[in-house]
Amino acid sequence: MKKTVNNALEAIKGIESNMTLMLGGFGLCGIPENCISALAESDVTGLTCISNNAGVDGFGLGMLLRRRQIRKMISSYVGENKEFERQLLAGELEVDLVPQGTLAERIRAGGAGIPLFFLPAGFGTEVAQGKAVREFDGKMYLEERWLKADFAIVKAWKGDTHGNLIYRYTANNFNQVMATAGRITIAEVEELVPAGALDPNHIHTPGVFVQRIFQGTNYEKRIEFATTRPE
Amino acid sequence: MSLDKNGIAKRIAQELQDGFYVNLGIGIPTLVANYIPEGMQIVLQSENGLLGIGPFPSKDEIDPDLINAGKQTITAVPGSAFFDSAASFAMIRGGHIDLTVLGAFEVSDTGDIASWKIPGKLVKGMGGAMDLVASAKNIIVAMMHTNPQGESKLLKKCTLPLTGVGVVKRIVSDLAVIDVTPQGFKLVERAPGVSVQEIINATEGKLIVEGEIPEIKI
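For the protein sequence lines, the chains are A and B, in the order given.
Numbering of the first sequence is given in my numbering, commencing with residue 1 and proceeding in unit increments.
Numbering of the second sequence is given in my numbering, commencing with residue 232 and proceeding in unit increments.
Because the hints were derived from the structure by calculation, they are not lab data.
It is possible that some hints are incorrect.
[Said to hold, decoys possible] Derived pair list, reagent style DSSO-like, types lysine-lysine, alpha-carbon separation capped at 27 Å:
id, chain 1, residue 1, chain 2, residue 2
1, B, Lys400, B, Lys448
2, A, Lys139, B, Lys400
3, A, Lys139, B, Lys417
4, B, Lys387, B, Lys352
5, A, Lys2, A, Lys139
6, B, Lys290, A, Lys139
7, A, Lys82, A, Lys72
8, A, Lys158, B, Lys290
9, B, Lys352, A, Lys131
10, B, Lys352, A, Lys72
11, A, Lys148, A, Lys158
12, A, Lys131, B, Lys236
13, A, Lys131, B, Lys368
14, B, Lys352, A, Lys82
15, B, Lys355, A, Lys72
16, B, Lys417, B, Lys387
17, A, Lys139, B, Lys368
18, A, Lys139, B, Lys348
19, A, Lys148, A, Lys13
20, B, Lys355, A, Lys131
21, B, Lys387, A, Lys221
22, B, Lys388, A, Lys131
23, B, Lys236, B, Lys437
24, B, Lys355, A, Lys82
25, B, Lys236, A, Lys72
26, A, Lys139, B, Lys236
27, A, Lys82, B, Lys348
28, B, Lys448, B, Lys348
29, B, Lys348, B, Lys387
30, B, Lys355, A, Lys221
31, A, Lys131, A, Lys82
32, A, Lys148, B, Lys355
33, B, Lys236, B, Lys400
34, B, Lys290, B, Lys368
35, B, Lys448, B, Lys368
36, A, Lys139, B, Lys388
37, A, Lys72, A, Lys2
Kindly generate the complete structure, drawing on both the sequences and the hints.
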């Protein structure tokens with residue numbers, strides 16, 4: 001079993017233009033910084049990116065937006081990015097807004113092999129347009145489909161050479177569920193240890209879901225809204 | 232006198248019960264956390280993956296891996312749990328969260344809510360709002376009764392794009408506590424010194440007023 005690669009550049013090998021990627025993170029928390037930087041230095045374009053958010057100007061997915069590498073975003077909230085706004089208004093970027101829980105569940109279904117299912121979020125709203133509706137026990141639900149990706153790129157706190165992953169605090173967010181839904185899943189971790197060094201009781205993502213893993217470097221972990229209490 | 236934002240939050244805090252798991256939205260709802268009655272154990276959920284939101288951190292405690300759904304740095308109280316987004320919305324969708332408090336642009340007298348999109352302004356997205364309103368067992372809306380132009384935000388029919396249909400159970404505004412019933416809005420309490428007539432004037436949707444309407448006590 002050889003899942004370990006040396007760095008982000010090796011990890012993103014095989015990502016081609018017009019592919020669909022999943023990228024973990026909530027805002028800038030728990031994003032795969034190393035792989036995003038490597039993609040921003042590559043020539044791939046026309047990407048469909050499934051990510052809860054679209055980064056900020058010049059950081060996170062904002063780096064790929066700036067270089068016009070993204071054709072379409074599938075997200076729940078995209079409001080912190082002027083370049084994003086410009087491209088959207090200019091018709092250069094396609095956006096599919098999906099309720100956050102529906103987004104998470106569609107990804108979970110993709111990873112779990114469930115093509116079709118029913119969720120309540122958005123019934124009677126504009127996100128219901130074009131979706132079949134069905135009533136269960138007196139409540140209305142929308143028909144939803146799985147989401148899968150050519151590559152899922154996630155960030156974890158600790159990982160081992162078998163691809164077992166542990167996340168830290170709220171940096172888990174979409175990473176754990178996205179790790180299950182990539183044809184190839186890349187994990188970048190802050191600390192890579194030999195198989196056997198992590199307590200198997202504490203694994204969030206079992207290694208079966210992960211094809212490539214490496215220890216990232218120079219994590220910036222930028223904070224969007226640093227909020228403190230009065231001293 | 233009408234309630235200020237903290238007054239609205241204090242009144243909503245009276246709806247809490249010991250042992251409740253609660254999701255508080257951004258804005259006035261967040262303030263409810265400041266008025267949890269002493270001795271009552273409430274667990275606050277953050278839909279990005281935390282049960283047990285604590286106070287904002289001191290400068291030394293800031294951790295970029297620990298944020299709330301508004302992407303602000305926070306702390307976690309003892310007894311907290313972290314989890315992924317799919318588990319988080321399983322809690323919400325599965326009816327395991329006792330109470331959701333959120334803001335709104337408009338609410339209709341049939342319980343529809345508009346809170347995510349204003350045509351002509353940049354669309355940022357609905358985040359988790361549609362999931363929360365579609366699934367929470369009990370939804371309280373914290374809002375101003377009228378907009379800055381004095382126009383009612385409690386309407387017969389919402390004019391803005393909807394977040395959910397027939398989902399709001401109770402509204403706590405600066406003027407009143409109002410329930411959404413099958414017959415329309417029903418006036419429950421009025422802000423101190425605010426007359427029933429003032430509330431009727433500020434409510435465009437159908438408003439039922441029955442008997443003496445007590446003042447809100449905060």
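Hint check results:
no., hint, verdict
1, B:Lys400 with B:Lys448, "holds (20 Å)"
2, A:Lys139 with B:Lys400, "holds (16 Å)"
3, A:Lys139 with B:Lys417, "holds (24 Å)"
4, B:Lys387 with B:Lys352, "holds (24 Å)"
5, A:Lys2 with A:Lys139, "violated (49 Å)"
6, B:Lys290 with A:Lys139, "violated (46 Å)"
7, A:Lys82 with A:Lys72, "holds (16 Å)"
8, A:Lys158 with B:Lys290, "holds (26 Å)"
9, B:Lys352 with A:Lys131, "holds (26 Å)"
10, B:Lys352 with A:Lys72, "holds (20 Å)"
11, A:Lys148 with A:Lys158, "holds (24 Å)"
12, A:Lys131 with B:Lys236, "violated (39 Å)"
13, A:Lys131 with B:Lys368, "holds (25 Å)"
14, B:Lys352 with A:Lys82, "holds (14 Å)"
15, B:Lys355 with A:Lys72, "holds (15 Å)"
16, B:Lys417 with B:Lys387, "holds (13 Å)"
17, A:Lys139 with B:Lys368, "holds (13 Å)"
18, A:Lys139 with B:Lys348, "holds (25 Å)"
19, A:Lys148 with A:Lys13, "holds (19 Å)"
20, B:Lys355 with A:Lys131, "holds (22 Å)"
21, B:Lys387 with A:Lys221, "violated (47 Å)"
22, B:Lys388 with A:Lys131, "holds (23 Å)"
23, B:Lys236 with B:Lys437, "holds (25 Å)"
24, B:Lys355 with A:Lys82, "holds (11 Å)"
25, B:Lys236 with A:Lys72, "violated (39 Å)"
26, A:Lys139 with B:Lys236, "violated (34 Å)"
27, A:Lys82 with B:Lys348, "holds (18 Å)"
28, B:Lys448 with B:Lys348, "violated (34 Å)"
29, B:Lys348 with B:Lys387, "holds (19 Å)"
30, B:Lys355 with A:Lys221, "holds (23 Å)"
31, A:Lys131 with A:Lys82, "violated (31 Å)"
32, A:Lys148 with B:Lys355, "holds (24 Å)"
33, B:Lys236 with B:Lys400, "holds (20 Å)"
34, B:Lys290 with B:Lys368, "violated (37 Å)"
35, B:Lys448 with B:Lys368, "holds (25 Å)"
36, A:Lys139 with B:Lys388, "holds (21 Å)"
37, A:Lys72 with A:Lys2, "violated (33 Å)"
Hint compliance for this structure: hints 5, 6, 12, 21, 25, 26, 28, 31, 34 and 37 are not met, and every other hint is.
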